[in-house]
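There are 2 protein chains.
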Amino acid sequence: MNIGDVSARTGLPAKTIRYYEDINLIKPMRDDNGYRRFRDQDVHKLNFLGRARALGFTIEDCRTLLALYEDETRASADVKQVARDHLVQIETKIADLNAMRDTLSHLIDACAGDDRPDCPILRDLGGKG
Amino acid sequence: MNIGDVSARTGLPAKTIRYYEDINLIKPMRDDNGYRRFRDQDVHKLNFLGRARALGFTIEDCRTLLALYEDETRASADVKQVARDHLVQIETKIADLNAMRDTLSHLIDACAGDDRPDCPILRDLGGKG
DNA sequence: CTTGACCTTCCCGTCACTGGAACCCCCATC
DNA sequence: GATGGGGGTTCCAGTGACGGGAAGGTCAAG
Numbered sequence: 021m022n023i024g025d026v027s028a029r030t031g032l033p034a035k036t037i038r039y040y041e042d043i044n045l046i047k048p049m050r051d052d053n054g055y056r057r058f059r060d061q062d063v064h065k066l067n068f069l070g071r072a073r074a075l076g077f078t079i080e081d082c083r084t085l086l087a088l089y090e091d092e093t094r095a096s097a098d099v100k101q102v103a104r105d106h107l108v109q110i111e112t113k114i115a116d117l118n119a120m121r122d123t124l125s126h127l128i129d130a131c132a133g134d135d136r137p138d139c140p141i142l143r144d145l146g147g148k149g
Numbered sequence: 021m022n023i024g025d026v027s028a029r030t031g032l033p034a035k036t037i038r039y040y041e042d043i044n045l046i047k048p049m050r051d052d053n054g055y056r057r058f059r060d061q062d063v064h065k066l067n068f069l070g071r072a073r074a075l076g077f078t079i080e081d082c083r084t085l086l087a088l089y090e091d092e093t094r095a096s097a098d099v100k101q102v103a104r105d106h107l108v109q110i111e112t113k114i115a116d117l118n119a120m121r122d123t124l125s126h127l128i129d130a131c132a133g134d135d136r137p138d139c140p141i142l143r144d145l146g147g148k149g
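Chains A and B supply the protein sequences, listed in that same order.
As numbered in this note's numbering, residues 21 to 149 make up the first sequence, in order.
As numbered in this note's numbering, residues 21 to 149 make up the second sequence, in order.
Check before you lean on any hint, since a few could be wrong.
Copies of one chain are not kept apart here, so a pair can be met inside one copy or by any two copies together.
As the list claims (entries may be wrong) - Taking lysine to aspartate or glutamate and the DMTMM-like style, the derived pairs with C-alpha atoms no more than 20 Å apart in a straight line are:
1. K113 x D98
2. K148 x E90
3. K148 x D138
Note that these hints are calculated values from the structure, not bench results.
Predicted, not measured: the structure shown is a model, and the values here were computed from it.
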């Protein structure tokens, strides 16, 4: 399979697939003409990566998870720890964003949104001034 | 005031303040020795920027908001629109993160987390395989 | 033989900074 | 006068995870 087929099959842009090879996440073969040749196991890995990325894991997390995936003697505790650390990151982000949303929506509610210059949003940003 | 004092007063790193000058968000004076000299209005602007950034506004949003802040003839509707657009972005991000969190926490709950290799997390990432 | 779709590498740009090198300025102390 | 330390300055490179686009090689169809 060439990169275009793999891209269609995995939903990953060709650029992304090349990037993943660059950083040694996958190692496709090469045809004589220099084209990458992907085997099923490469496609499988790419699907794995796509799903892990969709769950917000960093590339380095993906590298770790992929190594665990390929290690038949792994302990599920190791996988769980990576996932739990990531979950904490996500929950922290959610909390930050919720705080922003609350502040912002209060300010928006308080703003008349008409053609007059008076604006609680700017007043708040300007420091209650 | 020199940049160090302004940094202490605004809580913004000196690097960030220089960066904001680079991209023309602020225009501090210069002393004869080349040092930046900040007036109260510069500090005020930097505080504005710090608060806007803390609410997650992009730098370009901040530029817009700052221009509106300084425009006595602004319409509050313009400010409100910028804020509402940003709120949509935030809520989209929150929804994405919530979806990740839900999936991830289910997988974590399903994982024994012991020394055996069997792991629902990897099974899911590997495509139910 | 040419067209057009595909593939290749390479380099720059994104966003909002951060780190670090190399250098200048000013004040105090020995 | 030398020195030391704590400011300040510029400029360059790196971050994460790609995306855009140039310049060029390859291949099947007409």
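Against the structure, the hints:
For a Cα distance limit of 20 Å, the shortest separation of K113 from D98 qualifies neither inside one copy, at 23 Å, nor across copies, at 28 Å. Proximity of K148 and E90 under a CA criterion of 20 Å is satisfied inter-copy only: 15 Å between copies versus 57 Å inside one chain copy. Proximity of K148 to D138 under the C-alpha cut-off of 20 Å is restricted to the intra-copy arrangement: shortest distance 13 Å within a copy versus 57 Å between copies.
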